[in-house]
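2 protein chains.
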Amino acid sequence: MYDLILKNIARFITLTPAETERFTSILKPRSLRRRQYLVQAGDVFRQECFVNKGSLRIYQVDDSGQERIINFAFEGWWTGDMYSFLSGQPAIYHVDALEDCELLLIGKEQLEQLYIDIPKFDRFYRILLQNAYIAMQRRISDNMMLSAEERYLQFLERYPQFEQRLSQKHIASYLGITPESLSRIRRHRLNRS
Amino acid sequence: MYDLILKNIARFITLTPAETERFTSILKPRSLRRRQYLVQAGDVFRQECFVNKGSLRIYQVDDSGQERIINFAFEGWWTGDMYSFLSGQPAIYHVDALEDCELLLIGKEQLEQLYIDIPKFDRFYRILLQNAYIAMQRRISDNMMLSAEERYLQFLERYPQFEQRLSQKHIASYLGITPESLSRIRRHRLNRS
DNA sequence: AAAAACACTTAACATAGGATAAGTTTCCAG
DNA sequence: CTGGAAACTTATCCTATGTTAAGTGTTTTT
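Which chain is which? The protein sequence lines are V and X, in order.
The first sequence maps to residues 0 to 192 in numbering that gives the first Met the number 0.
The second sequence maps to residues 0 to 192 in numbering that gives the first Met the number 0.
Wrong hints could be hidden among the right ones.
Pairs count within a copy or across copies, as identical chains cannot be separated in the list.
As the list claims (entries may be wrong) - Quick list of in silico lysine-lysine cross-link-like pairs, BS3-like style, CA-CA up to 30 Å:
#, residue 1, residue 2
1, Lys168, Lys119
2, Lys27, Lys107
3, Lys119, Lys27
4, Lys119, Lys107
5, Lys168, Lys52
6, Lys107, Lys6
7, Lys6, Lys119
8, Lys6, Lys52
9, Lys6, Lys168
10, Lys27, Lys6
11, Lys107, Lys168
12, Lys52, Lys27
Think of the hints as simulated: they come from the structure by calculation, not from any bench.
No experiment lies behind these values; they were computed from the predicted model shown.
The task is simple: from the sequences and hints, build the whole structure.
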């Protein structure tokens with residue numbers, strides 16, 4: 000059950016057996032059925048979430064009811080609502096399960112205490128965030144520099160293993176286009192080849 | 000000279016006088032004239048940069064020579080090329096001065112040693128990054144949910160103090176539109192009021 | 001002070017992608 | 001197994017924004 004998360008952590012820091020024990024003791028397992036919410040915008044959600052199995056999406060709903068997917072989370076990824084976690088304010092985004100999920104949650108207070116007791120975890124989350132930040136920056140420049148079709152191709156290249164697990168509606172939403180546009184793009188590609 | 004950066008750090012962690020001394024001793028002051036590069040895409044740039052005075056832009060140039068501004072950096076902000084810093088690979092972005100700048104740089108090795116000697120700095124950069132990450136996420140959702148005009152209005156609201164220091168060309172580039180479009184948006188707004 | 005480069009505006013035209021609507025296929029829930 | 005809801009496709013029309021080009025005003029360079 001803790002294999003994946005411990006491997007994830009071992010990428011950046013090395014834990015003693017006692018530290019490992021301490022760490023796993025604060026993890027709260029939780030499973031989520033497809034379509035169930037982890038967070039609803041407006042809730043305060045002060046937990047970090049590691050995805051052990053399954054997939055989720057982080058999304059926003061605009062005034063006209065349109066959903067926009069900000070990001071996905073697959074097994075081995077971290078997710079949550081960073082803003083709510085940090086500030087204690089209501090979450091900005093919805094997070095829900097796209098497939099049945101097994102999650103490991105860490106409460107804010109316990110994580111704060113962990114940072115104090117084992118400062119290596121400050122380092123772990125710093126490095127995790129640096130990588131997340133780089134990915135976000137790349138996403139912004141892609142959204143600005145590339146056409147819808149180019150973004151779709153890049154998505155296929157970058158996440159070939161996830162494409163089959165996501166509906167086109169969700170991929171379109173992640174790319175910032177309508178499902179109709181994605182359908183059109185796919186047709187043009189087929190006609191050409 | 001170190002006032003602003005020490006205040007910046009004091010937002011999240013408290014340093015002893017000895018730690019303060021240790022920290023300031025690794026800072027390398029550097030000034031940059033308007034239009035001078037801090038980083039050119041392709042260079043390896045393994046330094047973190049604090050802006051003490053002036054402003055910079057982080058941008059990318061596409062195949063057709065179009066510049067796209069990923070972000071600005073004003074006094075009190077941190078900047079650089081996180082990807083190059085972390086990976087040691089050539090930088091993805093250009094960073095150059097929009098106004099004459101006074102900067103404080105920290106080399107990668109010295110920062111790594113600082114993390115080891117004073118683990119509080121792991122914490123400081125973790126919190127800094129959490130905030131930067133939240134801002135990035137918000138930028139992505141704004142770019143997806145809002146029209147060019149709405150993004151412009153939000154920019155004016157969010158950064159009223161910076162608007163006057165930036166050319167419209169640069170604001171347009173940051174918003175992901177052409178200067179012509181920004182000009183059109185401004186005209187429509189004037190006509191309406 | 002003149003020349004050159006740049007910033008900004010305006011206008012006419014082009015186009016990628018949105019909106020709407022209708023049809024087909026796939027997926028569940030009863 | 002069946003009926004209704006989603007998911008996906010296709011077509012038509014529409015609009016926001018890009019493109020090109022020309023003109024004016026403002027810096028920067030010489």
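Against the structure, the hints:
For a Cα distance limit of 30 Å, the shortest separation of Lys168 from Lys119 qualifies neither inside one copy, at 40 Å, nor across copies, at 44 Å. When the C-alpha separation of Lys27 and Lys107 is checked against a cutoff of 30 Å, the pair qualifies only within one copy, where the shortest distance is 12 Å, while the shortest distance between copies is 36 Å. Taking the shortest alpha-carbon separations for Lys119 and Lys27, both the intra-copy value of 21 Å and the inter-copy value of 27 Å come in at or below 30 Å. For the identical chains of this complex, Lys119 and Lys107 are neighbours both inside a copy (17 Å) and across copies (18 Å), given an alpha-carbon limit of 30 Å.
For the homomeric pair Lys168 and Lys52, the shortest alpha-carbon distance inside one copy (22 Å) is at most 30 Å, but the shortest distance between copies (46 Å) is not. Proximity of Lys107 to Lys6 under the C-alpha cut-off of 30 Å is found in both arrangements, the shortest distances being 22 Å within a copy and 26 Å between copies. In this assembly of identical chains, the alpha carbons of Lys6 and Lys119 lie at most 30 Å apart whether taken from the same copy (15 Å) or from different copies (25 Å). In this homomeric assembly, Lys6 and Lys52 come within 30 Å of each other (Cα to Cα) only inside a single copy, at 14 Å, whereas the closest approach across copies is 43 Å.
Taking the shortest alpha-carbon separations for Lys6 and Lys168, neither the intra-copy value of 33 Å nor the inter-copy value of 47 Å comes in at or below 30 Å. In this assembly of identical chains, Lys27 and Lys6 lie within 30 Å of each other by CA distance solely inside one copy; the values are 18 Å within and 37 Å between copies. For a Cα distance limit of 30 Å, the shortest separation of Lys107 from Lys168 qualifies neither inside one copy, at 34 Å, nor across copies, at 43 Å. With identical chains, the CA atoms of Lys52 and Lys27 are at most 30 Å apart within one copy only, with a shortest distance of 14 Å there and 46 Å across copies.
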